[in-house]
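Work out the full structure, taking the sequences as your base and the hints as a guide.
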Amino acid sequence: DSGVTQTPKHLITATGQRVTLRCSPRSGDLSVYWYQQSLDQGLQFLIQYYNGEERAKGNILERFSAQQFPDLHSELNLSSLELGDSALYFCASSVAPHRGEKLFFGSGTQLSVL
Amino acid sequence: AQKITQTQPGMFVQEKEAVTLDCTYDTSDPSYGLFWYKQPSSGEMIFLIYQGSYDQQNATEGRYSLNFQKARKSANLVISASQLGDSAMYFCAMRVQGAQKLVFGQGTRLTINP
Chain A
8 DSGVTQTPKH
18 LITATGQRVT
28 LRCSPRSGDL
38 SVYWYQQSLD
48 QGLQFLIQYY
58 NGEERAKGNI
68 LERFSAQQFP
78 DLHSELNLSS
88 LELGDSALYF
98 CASSVAPHRG
108 EKLFFGSGTQ
118 LSVL
Chain B
1400 AQKITQTQPG
1410 MFVQEKEAVT
1420 LDCTYDTSDP
1430 SYGLFWYKQP
1440 SSGEMIFLIY
1450 QGSYDQQNAT
1460 EGRYSLNFQK
1470 ARKSANLVIS
1480 ASQLGDSAMY
1490 FCAMRVQGAQ
1500 KLVFGQGTRL
1510 TINP
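So the protein lines, in turn, are chains A and B.
Quick note on the working numbering: the first sequence kicks off at 8 and runs consecutively.
Quick note on the working numbering: the second sequence kicks off at 1400 and runs consecutively.
It is possible that part of the hints are untrue.
[Unchecked claim] Straight-line alpha carbon distances no greater than 30 Å define the calculated DSS-like cross-link-like pairs of lysine-lysine that follow: (1) B/LYS1415 / B/LYS1469; (2) B/LYS1469 / B/LYS1402; (3) A/LYS109 / B/LYS1472; (4) A/LYS109 / B/LYS1469.
Read the hints as simulated data drawn from the structure, not as lab findings.
Take a look at the structure:
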């Protein structure tokens, strides 16, 4: 158990809908990362927060947004969903975004858009 | 830009044999960290081993060791005495100093045969 909690584990929805994925980082970790894993794109970095502030953005679509709350949990909001958004979405956390800090991953949310 | 290349999409190894998973990286930054993660069929991402660019010795963690060849920009994972439970996807990743995200390779699917 990595200590990172993601909910829900599975999500099935329809095109055009909006969903929210939730992540609770490990106790003491200030940095939260979101990744998308799909068969064709591999593991793609979406966005990172540190202590409530956005620190880095990757290949995140404008339809997607995220935030980190004062209690350090984070939410990833996906709207106007398309079939291509079906993927495994990971949240990860670390103490700080130092080059040597390993990321602890949650078990992921499997999103299926039908 | 950072880039990780894993040239072996799949590997098949007999149980108890040693296996080497290849990873080459590209960065112009002298300060970076290299990571290996394991993703079993259950989907979670499990941290295995870390190597810093200034580390003088190759990293080891139990049956895992990292064959770090800085001049060749390679960071191969060696698993000794492979076990059936080692069957999984393995990802090499890198983060340079000052960068927020971890960049992943495409992964290698390792299958251990009895």
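Next pair to validate is A/LYS109 with B/LYS1469; report whether the Cα-Cα distance is within 30 Å. With Cα atoms ~20 Å apart, A/LYS109 and B/LYS1469 stay inside 30 Å; holds.
Given the hint that B/LYS1469 pairs with B/LYS1402, test it: the Cα-Cα distance must not exceed 30 Å. holds (15 Å)
Check the hint pairing B/LYS1415 with B/LYS1469 against an upper bound of 30 Å on the C-alpha distance. holds (29 Å)
Next pair to validate is A/LYS109 with B/LYS1472; report whether the Cα-Cα distance is within 30 Å. Satisfied, since the Cα-Cα distance of roughly 20 Å is no more than 30 Å.
Against the hints set out earlier in the document, no violation occurs for any number.
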